[in-house]
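As a plain string of letters, each chain reads:
There are 4 protein chains.
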Amino acid sequence: MHQGDKYRIGIVGATGYVGMELVRLLGRHPGFRITALTSVSYEGRPFSEIYPAFTGVMDQTLRTADPDFLASACDLVITALPHGVSSEIVPRLLDRGLRVLDHSGDFRFRDLATYENAYRLRHPRPELLAEAVYGLPELHREAIRTARLVANPGCYPTSAILAIAPLLTDGLIDADRLVVDSLSGVSGAGRQSAVAYSFCEAAESSRPYGVVGHRHTAEMEQEISALAGRPLELVFTPHLVPMKRGMLTTLYAPFAAATDTVTAEELYERFNSYYKYETFVRVLPPGQLPDSARVTASNFIDIGVAVDQRMRMVKVFSALDNLGKGACSQAIQALNLMTGYPETAGIDQIGIPV
Amino acid sequence: MHQGDKYRIGIVGATGYVGMELVRLLGRHPGFRITALTSVSYEGRPFSEIYPAFTGVMDQTLRTADPDFLASACDLVITALPHGVSSEIVPRLLDRGLRVLDHSGDFRFRDLATYENAYRLRHPRPELLAEAVYGLPELHREAIRTARLVANPGCYPTSAILAIAPLLTDGLIDADRLVVDSLSGVSGAGRQSAVAYSFCEAAESSRPYGVVGHRHTAEMEQEISALAGRPLELVFTPHLVPMKRGMLTTLYAPFAAATDTVTAEELYERFNSYYKYETFVRVLPPGQLPDSARVTASNFIDIGVAVDQRMRMVKVFSALDNLGKGACSQAIQALNLMTGYPETAGIDQIGIPV
Amino acid sequence: MHQGDKYRIGIVGATGYVGMELVRLLGRHPGFRITALTSVSYEGRPFSEIYPAFTGVMDQTLRTADPDFLASACDLVITALPHGVSSEIVPRLLDRGLRVLDHSGDFRFRDLATYENAYRLRHPRPELLAEAVYGLPELHREAIRTARLVANPGCYPTSAILAIAPLLTDGLIDADRLVVDSLSGVSGAGRQSAVAYSFCEAAESSRPYGVVGHRHTAEMEQEISALAGRPLELVFTPHLVPMKRGMLTTLYAPFAAATDTVTAEELYERFNSYYKYETFVRVLPPGQLPDSARVTASNFIDIGVAVDQRMRMVKVFSALDNLGKGACSQAIQALNLMTGYPETAGIDQIGIPV
Amino acid sequence: MHQGDKYRIGIVGATGYVGMELVRLLGRHPGFRITALTSVSYEGRPFSEIYPAFTGVMDQTLRTADPDFLASACDLVITALPHGVSSEIVPRLLDRGLRVLDHSGDFRFRDLATYENAYRLRHPRPELLAEAVYGLPELHREAIRTARLVANPGCYPTSAILAIAPLLTDGLIDADRLVVDSLSGVSGAGRQSAVAYSFCEAAESSRPYGVVGHRHTAEMEQEISALAGRPLELVFTPHLVPMKRGMLTTLYAPFAAATDTVTAEELYERFNSYYKYETFVRVLPPGQLPDSARVTASNFIDIGVAVDQRMRMVKVFSALDNLGKGACSQAIQALNLMTGYPETAGIDQIGIPV
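Residue numbers (the numbering used here), protein chains in the order written: chain C, 179 to 532; chain Z, 179 to 532; chain F, 179 to 532; chain G, 179 to 532.
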């Protein structure tokens with residue numbers, strides 16, 4: 179369909195950072211044309227008034243998220259809304275025949291109770307949980323291609339799941355004692371006006387938050403349990419550090435009791451082999467470690483491995499851009515799969531290291 | 179001695195960041211008078227030429243670290259030198275009757291093999307290891323008072339040991355499976371001219387380093403083993419994050435097998451009780467978590483606790499200034515003990531949160 | 179009065195950054211005891227709840243700014259309120275016999291029309307303008323000593339006036355063509371929750387604002403006109419740059435037509451002589467230029483001079499901390515004068531350069 | 179030539195920040211293929227070893243800058259070398275038939291004495307100065323198309339010249355009294371290992387440098403003199419502020435004596451009209467002011483205008499990315515002209531505002 183033309187795409191909730199980054203990336207994507215931008219707060223104003231960086235480049239007027247309008251104007255819709263809001267609007271878009279990629283947590287869970295426990299919300303359309311596909315291409319590529327509804331992964335889960343996955347294929351590690359420790363740039367909190375995210379109070383500040391029961395924990399557990407074929411739980415601690423963008427995750431995976439030992443070289447081979455067909459996962463050779471600054475504004479996730487043989491502990495480190503592979507360019511990677519474009523279309527930027 | 183007067187103090191290696199911060203703090207201490215500043219690189223130049231912030235305040239000329247001169251000019255000497263250098267000069271100062279506080283790793287270890295393994299060096303005066311006191315006042319207050327040689331703790335060990343200590347008093351946690359994950363500001367690397375520490379390459383960069391076998395691991399293990407009364411080992415991972423100053427440590431301590439459960443309130447009581455006489459250790463009530471920005475340029479270490487009951491895991495978080503409680507103001511805390519000044523003299527600054 | 183005791187001082191509007199910094203500095207001042215902290219927004223809560231850095235150090239409960247209470251609890255009051263609010267409360271404090279140091283613009287102007295034009299407000303008590311003393315010690319030391327009401331200068335005016343003053347003593351420069359170009363750290367905007375001051379949107383951002391008619395222009399003009407003995411006007415442009423604290427001002431002062439030439443050395447001598455008895459004004463020798471990082475958290479203002487002889491232009495550069503000499507420590511300098519303490523009491527901190 | 183194919187391009191001096199950014203941009207340009215990367219310091223090593231962000235994307239081996247090799251491997255060469263080095267190698271490349279775009283100051287000047295005075299160097303091939311084209315497309319578009327040697331403008335001159343140019347067309351301003359005040363991100367200093375550019379000493383630091391006789395002054399003067407048709411001189415002051423990238427220039431242009439007045443609206447119209455066919459120059463409507471963060475990693479220069487009618491002063495503000503329009507993407511804009519590609523090819527990225 180749309181031979182010789184571009185897919186018409188709408189972004190619902192276009193004025194948060196996720197929306198902004200999607201506009202930035204899709205505006206130069208060879209296969210999509212943005213035909214609708216919506217915003218509750220800024221309806222009626224040009225997008226470039228909210229983000230003057232887009233002056234002359236994206237001056238479309240922000241509209242209300244009317245499903246009928248969206249159905250007439252778009253082939254696909256991306257929703258970048260808070261959880262609890264997505265679950266209300268997404269079904270109405272699907273009902274009108276649209277395919278949807280959703281950025282919230284509302285459709286990431288296959289199990290209703292897990293969702294309702296993690297988000298403290300009743301889900302209005304639980305039957306969609308079975309249909310929605312978790313949009314991590316490295317794990318669910320084929321399902322994404324044909325999905326009507328894709329739930330884009332969270333930034334922390336992306337960084338953790340891809341660091342854990344290659345370890346679950348055999349009994350190397352004790353998968354019941356995983357610890358995930360993550361650092362996030364401030365944009366991960368969204369377009370925030372709270373004093374805690376002000377320059378004055380975020381610069382020079384490293385701080386943990388949500389240290390017990392962070393919602394992303396359940397999301398990590400769902401995916402690694404599916405990979406392992408049995409229920410797994412893990413410990414997760416997010417931290418805020420003074421970066422605009424970027425995420426660095428450190429995974430602690432103890433050797434299984436039966437494990438003799440493993441070298442960093444062997445681990446590297448394991449990861450390298452696991453991701454050998456993945457363009458956006460870069461496994462670093464032993465001795466090299468990821469750095470969030472190397473993947474800024476790219477879709478790459480860099481993974482490094484180390485082994486503390488004395489302590490019988492595997493350490494895996496991953497770095498991504500929380501607005502890149504952690505959100506927006508990953509969403510476009512899924513959209514490329516959904517529409518048959520090359521998976522790298524529009525998201526093959528190199529990180530900006532300086 | 180020195181009734182009605184100030185102790186004369188010398189700083190050997192005064193132009194690194196530790197030296198600078200010592201000058202800044204001691205310059206306003208009621209009980210010390212800086213009578214010697216030495217530097218290999220900048221000998222003969224005024225201190226304020228290297229650090230123009232001190233113009234008009236500390237213009238003393240930097241000298242060579244001649245032991246005879248130091249013995250004549252000073253009552254006490256602080257050495258802020260690289261390891262391997264300290265071990266050469268400190269004995270010569272002691273031999274001349276000076277009391278010394280050393281910032282390097284050279285005298286932090288009671289066991290020679292541990293030192294030589296961690297630092298890959300032969301120690302020229304191993305007999306001093308038995309005499310030197312590990313300068314963490316919260317653990318070794320009485321020994322510090324009368325010590326001739328105090329080894330100032332590393333920043334990471336300070337942040338970790340004080341987070342662990344209250345957990346070791348009974349069988350609450352499995353002390354053989356501790357994981358220490360730390361974030362450090364860039365000044366922790368010293369006055370560095372390497373590109374990796376340049377503004378352009380450190381801003382927006384979070385990165386692990388020294389992820390296996392970092393020297394500070396052995397230092398942590400020595401102290402917690404002494405507390406526990408048996409050899410303990412732990413996993414440690416340092417990270418660099420884009421702050422000038424500050425350190426945030428996250429400790430993962432699994433429940434012991436026999437532990438039923440523990441609440442955050444109980445943990446708080448435990449920590450609060452453990453540190454109730456400590457001015458500089460602030461235990462935060464449940465629900466509050468430390469933030470490195472709150473202790474900037476102070477001698478405080480803030481500690482917060484959390485319990486992940488589902489995962490049977492205690493989490494302890496500590497925040498300090500790597501140049502404050504992690505180095506220089508902690509050194510002055512020890513000097514106060516050594517000289518009989520009030521322990522808070524000259525280091526009772528409130529953190530600069532903004 | 180208060181022999182052997184400290185002055186009791188109250189801070190009205192204690193939870194903004196100016197209030198916080200005053201608490202931080204006064205908390206360790208030898209001559210003042212904070213006996214009242216007020217806040218409209220946080221009344222009834224402990225100060226340390228708003229600023230956890232002060233936990234255990236300043237836990238006083240925030241109260242309402244009741245004049246009778248303040249009169250009973252305090253000897254002096256500092257008001258750190260928005261303009262238009264100060265002018266309402268300050269007279270009520272004065273009426274109760276309190277001496278007041280005010281941080282707003284409400285009492286900085288001797289001329290009512292100038293105030294009302296700059297601030298677009300009617301002044302409720304214009305007769306106080308004649309009495310209030312502009313609290314710049316370098317210009318109004320004697321008047322401050324005995325003042326009942328001191329109006330603390332703005333940060334930009336402090337940085338500009340002290341850079342201009344030594345040039346006005348003779349016909350060296352064309353004082354009718356002065357240009358003041360200033361850079362401010364983000365804390366200058368106060369404790370802001372606007373997105374424009376968020377870490378994500380302030381980092382990597384340099385931007386002008388208020389480029390025509392900024393209120394501080396009138397304040398600069400008042401003071402330099404008084405010095406020159408005739409009305410002077412100037413051009414002023416403030417910019418926001420990504421620092422927490424700090425201000426850097428560049429003054430462009432063209433040679434007067436009659437001026438033959440002047441060297442940087444001569445300028446240095448002029449400035450050095452002008453400020454030779456000023457502890458907090460440091461004039462840098464030719465070739466050295468100020469750096470905002472060198473005066474962080476201090477009361478110093480560093481001034482450097484240069485001459486572009488080809489263009490017949492004097493350039494003067496000044497650096498201060500907008501919360502230090504630009505606001506709070508300057509206020510304490512004035513309070514020291516008002517109370518007879520040594521002018522440096524409690525504010526002799528060295529800048530924190532790293 | 180090269181029908182159906184891409185131009186082969188070489189980068190001499192590929193491991194500085196300019197080289198890195200060129201690799202980043204050219205690597206995704208539709209019309210160029212990088213066939214040679216050279217480096218003196220890192221010869222023999224893969225580019226991605228120096229910049230790991232490019233792992234898997236640009237792993238070419240760095241070579242020595244042998245002119246014969248470059249002539250055989252490339253159609254065009256970009257030189258990103260220090261001044262004084264460029265002037266040695268560029269002629270040898272031209273002699274072998276290559277077209278060259280040079281980033282240094284060595285070929286920016288039409289007048290030999292101006293160059294030798296500004297750079298304190300003898301020029302080895304002064305006859306090339308007459309031939310070289312100053313690579314600012316907005317002023318020299320046609321000459322660039324056919325040039326054999328293009329001298330890429332400096333970042334400060336780009337920001338200043340484009341802010342001044344529309345003011346020179348009539349007698350509105352007094353062009354003999356222009357003041358240019360600029361702020362630059364730290365990457366403008368290049369890939370620096372000096373302590374002054376370290377994170378610890380550049381963060382929180384705003385500082386002037388090169389305040390008299392900065393080389394870029396002569397470059398600005400050359401171009402505005404050519405536009406005005408008579409020799410003009412100006413005052414220029416650069417400052418370093420704590421950003422990775424970005425430049426903000428404030429121009430002060432006094433009204434000419436004969437000028438009655440002008441409004442911001444009229445100025446806006448003037449600028450808008452002057453740049454109406456320029457894709458990369460965005461003139462902001464009155465009331466809006468540029469922000470360096472809005473053009474990060476783009477080729478845009480945003481220009482805003484204001485009028486201080488009281489002081490009879492025009493203020494013009496421009497923002498660009500010092501590695502974008504200030505260096506690398508501007509170079510590609512010129513290369514597009516040289517090769518007949520659309521002027522926007524490969525450099526139509528939107529700024530990254532967050």
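It is worth saying that the hints were derived from the structure and are not from the lab. Some clues are possibly wrong.
Pairs involving identical chains hold if they fit within one copy or between any two copies, as the list cannot separate such chains.
Distance condition first, Cα-Cα at most 20 Å in a straight line; then the derived SDA-like pairs of lysine to any residue [stated by the list, open to error]:
#1 454 to 464
#2 184 to 526
#3 454 to 391
#4 454 to 348
Treat the numbers as computed from the prediction; the structure is a model and nothing was measured.
Hint by hint, here is what the structure shows:
Only within a single protomer do residue 454 and residue 464 lie at most 20 Å apart by alpha-carbon distance; the minimum there is 16 Å, versus 45 Å between protomers. In the homo-oligomer, the alpha carbons of residue 184 and residue 526 lie at most 20 Å apart both inside one protomer (19 Å) and across protomers (19 Å), since each shortest distance falls under that limit. Taking identical chains as interchangeable, the C-alpha atoms of residue 454 and residue 391 are never at most 20 Å apart, the minima being 34 Å within one chain and 30 Å between chains. Taking CA atoms no more than 20 Å apart as the test, residue 454 paired with residue 348 passes inside one copy only; the shortest distance there is 18 Å, against 48 Å between copies.
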